[in-house]
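Respectively, the protein sequence lines represent chains E and Y.
Position 194 of the first sequence, counted from 1, bears residue number 194 in our numbering, the numbering being contiguous throughout.
Position 153 of the second sequence, counted from 1, bears residue number 153 in our numbering, the numbering being contiguous throughout.
None of these hints come from the bench; they were simulated from the model.
Note that the coordinates shown come from a computational prediction; the quantities given were computed from them, not determined experimentally.
Heads up, the beta-carbon is just placed ideally off N, CA and C, and yes, glycines get one too.
Some hints here could point you the wrong way.
Said to hold, decoys possible - Not the full set, but computed from the structure, chain Y residues with beta-carbon under 8 angstroms of chain E:
1. Leu343
2. Glu344
3. Leu354
4. Gly389
5. Thr391
6. Leu392
7. Phe414
8. Asp434
9. Ile436
10. Ala437
11. Leu474
12. Pro475
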Amino acid sequence: MGTVIPLWLLLGCGDVLVDGDYPGEPLLTVTGQILVEATISEDVSPSVALFWTQAGSATRTETSVEVTTRFPAYFELNAYQPPVDADFFTDPQGLHLALGVLLLYDDTAQDGTLDVDTDTVIGAAADDAHVVWFPDPPEAQPDTPEDRYLVAHGVPECQGPPDTADEAPPTESQGIVDLLVADPCTLLPDWNCNGDLEEWGDLCGD
Amino acid sequence: MILWAALAVAAPRYALVIGANRGDASEAPLRWAEEDALRMAATLTTLGGVDPGDLVALRGADANGVRAALTRLGARVRAEGAAEAELVVYYSGHADAEDLHLAGSRLPLSELKAAVGATAARTRVIVIDACRAGSLTRKGARPAAPFTIVAEDRLSTDGLAIVTSAAAGEDAQESESLRGGVFTHHLLAGLEGAADQSGDARVTLTEAYQYSYARTVATTSGAPTLQHPSFSWDLRGQSDLVLTRLDDTARGAWLQVDTAGEYLVLDAHGTALVREAALAAQGRLALPAGRYRVRLRTPARLSEADITTTAGQVVELRAADLVAVPLGQAARRGGPARPAVALELSGDVRAPLLDAWSPAPGGNVGARVDLPALTLRVRATFDQASAEGDTLEGTMTAWGAEAGALKLADLGRFSIGAGVMLGGGVITQSFVTDGIAPAREATALRAGPVLHAEWSPVDRFFVTLEGGLDTVVLPTESTPTGRVVPHASLGVGVWVR
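Using the sequences and the hints given, assemble the complete structure.
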């Protein structure tokens, strides 16, 4: 007996077509939960942003995702654009890479973008979790992950730009990060190992 | 069948006109037999020299009614001057090879012929428009070439002439478009002037028969069966039989044309056909006073003009007075003979097919055929939409084909209508981004109604404006998805034949 193809299957075949606000395929996905260690107002619209940064200076905000105010809250952040050339630097191991930190902020303008002038950072990743992004072409650098990124926990002392050659590589995770609602100045990595967070500029230290 | 008497100029003329829509109980009623009889009566009294008091018209009579009418008429003819009298007997209705079928009764053809002879009129013509009556012309019938009667015959005004609308064994047909019997329609047109090939303002029996024969064969050539009128002359004398006179303008209104051709005369609205006639250059056609739309039909085009005829006047219609009808409209009006074929080109814009995409401008190219009932069209389509987001720019292109039909109505040089289009195609999405956004491709089907308007400033060129609603089925996250997409287009076209 032959195979009968339902007529409806012939109506519109092929790839799934997307709406015009399709952002592309995610290059990077970070998931996790938001834990509250400080009191926040019900008026707060918590959102998550990924910052590519060198030596703590905030360069750009990438994709942010709005989270609910149910705590503990879970989030998923997808980045659709890679870091730009200016975000990359060479670490003491000679790796050319970009570092990204996750920030929890109050999206006052409700525009999905962290504006340091109007929005308030209300938290950051625990355990100094950060994203390490490796540039293209991957064959130029050894041990580049297949997805070209990893989520590391813990920051070697004096990273950015570090001058020690024997620091241990960061601990990797499966892209799961805990974000803490707390003073970000207690959470942000001290990249330059000078004991303060002035390198974070408007976010902390000023 | 139509019974027709040879008409001399000064001899008294009498006529019996019979129309019978109902025949035997088993026969479907005819639609126009009785109207044909009335039209023949009008022609006889206006052009045929029959005084209204000398004409008897029967509608729906049975056999006894016809017998009684023949008896009374015969008595009058004998009493008032049979030696010079002429008698016309016309019948339109059901019949077979032996009898006329009259409202459930039968009148043998032989009895009819004998009754007509018994009137003692000097000249008698019988014309019968009915099925299978050609057997009446077998006896004494003269062989004739398909389109001419033997020229050497010097037909006289003494004796009997019989003309039937169909040969023995053939059906006589009514025409919905002619609104009458095919043969009677053409015979009337011939008597009213179309048959005056000699241009002497007289239509003879020879001319009338030749014209009606040719037109009947031509008209029925597209029908399931052909119809061949037949005749029988048993006449003596030295002059052709004059059936109608066209120079007595005081008794009618006239259309005269300067270009030979096939003319359609319709009512003022251009909807109902009054007369169809092939006229010679300077030919003349009698019409009741009134307003008409006259069309000249050639293989390539249809031209028309509006006229008003007044009793006692001749309206001259010149070729320059005729305006070419747009070919698409001509096809819907039944002429020219070929369907009108046109090429179309249009630009359109479609509402966004998916969320956050722009409206899609595009174009279409195609062809269409204008038939009397419908306009059929096929075309290739193209449109393109764009999207711009924070992380990428997208282009969505659709290539397709569609087909459909329109029902158009004509209003002067404008035509409006509605229809349905059905089609499908391929939709591709491509993106420009620093990230990853693979191209996508899918097929889609669409169908929907359209509203159509067009303007034809000249007969071969037209401008179109169209709008519609397409239901598009395509794969999205909820597959398949039907989207309703409005669209509008502006285009041009040219009829190529």
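Now for the hints, and whether the structure bears them out:
Interface hint at Leu343(Y): violated, since its Cβ lies 30 angstroms from the closest Cβ of chain E, which is beyond the 8 angstroms cut-off. Hint status for Glu344(Y): violated, given a least beta-carbon distance of 27 angstroms to chain E, over 8 angstroms. Because the smallest distance between the Cβ of Leu354(Y) and any Cβ of chain E comes to about 5 angstroms, under 8 angstroms, the interface hint for this residue holds. At about 6 angstroms, the closest approach between the beta carbon of Gly389(Y) and any beta carbon in chain E falls short of 8 angstroms, and the interface hint on this residue holds.
Look at Thr391(Y): its Cβ gets to within about 4 angstroms of chain E, closer than 8 angstroms, so that hint holds up. Proximity of Leu392(Y) to chain E holds as hinted, the smallest CB-CB distance being about 5 angstroms (cut-off 8 angstroms). A cut of 8 angstroms between beta carbons decides the hint on Phe414(Y): the least distance to chain E is about 37 angstroms, and the hint is violated. A distance limit of 8 angstroms between C-beta atoms decides the matter here; for Asp434(Y) the minimum to chain E is near 5 angstroms, and the interface restraint holds.
Contact between Ile436(Y) and chain E, as hinted, is supported at the beta carbon level, the nearest pair being about 4 angstroms apart and thus within 8 angstroms. Here the hint on Ala437(Y) is kept, as its CB sits about 4 angstroms from the closest CB of chain E, short of 8 angstroms. Among the interface hints, the one on Leu474(Y) holds; its C-beta lies about 4 angstroms from the nearest C-beta in chain E, closer than the 8 angstroms criterion. Annotation: Pro475(Y) was flagged as interfacial toward chain E, and the flag holds, the nearest CB pair being 5 angstroms apart, inside 8 angstroms.
This entry does not satisfy hints 1, 2 and 7, going by the numbered hints stated previously.
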